[in-house]
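Colleague: The chain contents come next:
Number of protein chains: 2
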Amino acid sequence: MSALQTWIDGVPGVSVPSDDRGLQYGDGLFETILVRDGRPRFLEAHLTRLMLGLARLGVPFESIDALRADIACAAAQAPSVAIIKVIVTRGSSRRRGYAPEEGARPRRIVALWPTVLTPSVASGVVLGIAHSRAATSSALAGLKHLNRLENVLAAAEIAEGEFDVIMVDFAHRVISGSSCNLFVVNAGRLATPHVDTAGVAGVMRGIVLREAPRLGIGCELRALTLEDVTNADEVFATNARAGVVPVARVGEHPIRMMDLSLKLRAHVESLDA
Amino acid sequence: MSALQTWIDGVPGVSVPSDDRGLQYGDGLFETILVRDGRPRFLEAHLTRLMLGLARLGVPFESIDALRADIACAAAQAPSVAIIKVIVTRGSSRRRGYAPEEGARPRRIVALWPTVLTPSVASGVVLGIAHSRAATSSALAGLKHLNRLENVLAAAEIAEGEFDVIMVDFAHRVISGSSCNLFVVNAGRLATPHVDTAGVAGVMRGIVLREAPRLGIGCELRALTLEDVTNADEVFATNARAGVVPVARVGEHPIRMMDLSLKLRAHVESLDA
Chain Y
874 MSALQTWIDG VPGVSVPSDD RGLQYGDGLF ETILVRDGRP RFLEAHLTRL MLGLARLGVP
934 FESIDALRAD IACAAAQAPS VAIIKVIVTR GSSRRRGYAP EEGARPRRIV ALWPTVLTPS
994 VASGVVLGIA HSRAATSSAL AGLKHLNRLE NVLAAAEIAE GEFDVIMVDF AHRVISGSSC
1054 NLFVVNAGRL ATPHVDTAGV AGVMRGIVLR EAPRLGIGCE LRALTLEDVT NADEVFATNA
1114 RAGVVPVARV GEHPIRMMDL SLKLRAHVES LDA
Chain F
874 MSALQTWIDG VPGVSVPSDD RGLQYGDGLF ETILVRDGRP RFLEAHLTRL MLGLARLGVP
934 FESIDALRAD IACAAAQAPS VAIIKVIVTR GSSRRRGYAP EEGARPRRIV ALWPTVLTPS
994 VASGVVLGIA HSRAATSSAL AGLKHLNRLE NVLAAAEIAE GEFDVIMVDF AHRVISGSSC
1054 NLFVVNAGRL ATPHVDTAGV AGVMRGIVLR EAPRLGIGCE LRALTLEDVT NADEVFATNA
1114 RAGVVPVARV GEHPIRMMDL SLKLRAHVES LDA
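Here the protein sequences line up with chains Y and F, keeping their order.
For the numbering used here, add 873 to where a residue sits in the first sequence, where the first one is 1.
For the numbering used here, add 873 to where a residue sits in the second sequence, where the first one is 1.
Any given hint might turn out to be false.
No copy labels: a pair is met if it fits in one copy or bridges any two.
What the hints assert, rightly or not - Simulated pairs of lysine to any residue, SDA-like, Cα-Cα distance not exceeding 20 angstroms: (1) K958 x I1002; (2) K958 x L990; (3) K1136 x A945; (4) K1017 x L1135; (5) K1017 x R1129; (6) K1017 x R969; (7) K1136 x I1002; (8) K1136 x P890; (9) K958 x G970; (10) K958 x P890; (11) K1017 x S875.
FYI, nobody ran anything at the bench for these hints, they're computed from the structure.
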C-alpha cells in the first residue's frame, strides 16, 4: 500500500534531491488531508495552518496557488476515501550547514495515499500509554513540522489493537497521542491541552474547538494529567483522517460513556467542508 | 558550493525516494566527518557514535562495511580538506504513518562537500547568544539525529562575524552552540554540559574528554549557566570540522585567555586519527 501518485513541485515523480533541507534537517512542515468522494476535507483549515507555520519558520513560500492545483489534481484521481499528504520544505541547500540560505526555493511534495477507515473508529477505540516522553519546546510547539522522531518512537509502542498511545511530557502533562489530539469530557464540558509547549495544533482539534460552542458545549484549554484522562466521563481523540474518535479504554481503565463524543463525531462528519 | 558527489546506497546519485522516512519524519541520524589529505579524521569515533545511535532508535542497520566502502570512495576523491556527510535513515515507508515498518531497509546517503577553514578559527572566534531555546528530551538527547529544526532556527540568528550562537534550554542551562559543543576553563580545569537532556554528544567533544586527562587537565560534566560561560577564564567550542576553537568574545563579554584552548587545539590537530 504505497503512495498512489506523488507530485514534486507539481510534476509527477518519485524522488527529491538529496540536498533537500527536509531530509537534511527536517526543515519543513506537512499536512495530512482526508479526501472523501474527491473532496479534500477542511482544505482551508489545512492551508491556513500550513501558511501560518511556514511564516513562523521563516520559509518564504509563495506557491500557494500551485499547491492548490497540486491538491486538486490529486483529489481528482483519489479513490472514494484517501489521504493527500502535503510536505513543504525550505528547499535545497547549495551549501552545508543549518543556517537557511538566502534565495532558496521551497519545495512542495504532494502524495496521494490509500487509506482504510476501520469501523471500530466510530464505536470506541483503545489508547495505550507511551513510555517515551514529549519534549518541551516553545519554538516548535503547535507546528506540524517534519521533526517527528518523538512520534516515531511513541508510535513504535502502539500495541496490537490499540488506536494510538498517549504521550506525556516531563512534567507529567498529557500532550496528545502520537498522531491525534485528545479531549476529555466532564459533566458535559470539554477540555484539551494547550499546544504552546509541545504537541501539534491539529486541524480536527481546531474544528472541534470551533464547533463545540455552536452545539452549546463548553470547552476549555488546560493542562491534563493521565489521571484526568482515565477519570474522565468521556475521552475522545481527533485527527484529520479519523475525525472525532470515541475512546472506550485507556490502558487498563475503561471509559464508561461516549454519548457526547458520538454526537460531536456525527456533527463533524456531517459538516460540508 | 554544492556537494561534489553523493552516493545513495553506494551508487552515485542526486536524489532519494520521496517516501524516505528521513524526509517524512527526520527518522535517521547523521555524521559530519572532516577529511584531511584524503583521510577521514576520527572515523572510528564517528562510526561508533552512529551505530550506538541507530541502536537507540531501533534502526536495523547492517551495512557498516558498505558504509565504510562509501566513505573510502568519497575520501579517495576529496580535495585536501573536505567534509563527508553521512546520513542513515530508516529507509522508505510502504505505508503512511509514524510507526516503523517491519522489514524496512535503512538507506545510507554519503555526500562529499568542499569546506574552507578560516584562519580566525585558530585565533579566537565570537559567539552570539540565541533567543531560540533548546527543548528538553531524554529520548533523543545526545543523538545526532535528523530532527534539527531547533538548530536551523538558532543558526538563523548567527550575526555577521559570529562563529556560532549559544543555545540555552528553558531552565537557563547552556546546551551547546547550534553546531558545536562548548567548554569552559577555570583555574586550569575544563567543564562542559551533560548531553542527557538536550544537545549532541559531539565526536570532538568526546575526543577532548578523552585527551584532556592525558595532558594532565581535569574535566567535569556539569550544568553551566550563561554567566558561567561569560565569567570563565577561557571558553572553547568543538566540532568535527573546526576542531577545538578558542573563543575571544561571548556576546558583549570578552574572554581574556586562550592558552589552554590553544594547547588543546594543537594537541588534537596533531593526533594521527
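Colleague: Determine for every hint whether it applies to the structure shown.
Modeller: How the hints compare with the structure:
{"no.": "1", "hint": "K958 x I1002", "verdict": "neither (27 angstroms within a copy, 37 angstroms between copies)"}
{"no.": "2", "hint": "K958 x L990", "verdict": "within (16 angstroms within a copy, 41 angstroms between copies)"}
{"no.": "3", "hint": "K1136 x A945", "verdict": "neither (31 angstroms within a copy, 62 angstroms between copies)"}
{"no.": "4", "hint": "K1017 x L1135", "verdict": "neither (27 angstroms within a copy, 44 angstroms between copies)"}
{"no.": "5", "hint": "K1017 x R1129", "verdict": "neither (32 angstroms within a copy, 44 angstroms between copies)"}
{"no.": "6", "hint": "K1017 x R969", "verdict": "between (25 angstroms within a copy, 15 angstroms between copies)"}
{"no.": "7", "hint": "K1136 x I1002", "verdict": "neither (26 angstroms within a copy, 51 angstroms between copies)"}
{"no.": "8", "hint": "K1136 x P890", "verdict": "neither (46 angstroms within a copy, 42 angstroms between copies)"}
{"no.": "9", "hint": "K958 x G970", "verdict": "between (28 angstroms within a copy, 11 angstroms between copies)"}
{"no.": "10", "hint": "K958 x P890", "verdict": "both (19 angstroms within a copy, 15 angstroms between copies)"}
{"no.": "11", "hint": "K1017 x S875", "verdict": "neither (22 angstroms within a copy, 29 angstroms between copies)"}
When held up to the earlier numbered hints, the structure conflicts with 1, 3, 4, 5, 7, 8, 11 and fits the remainder.
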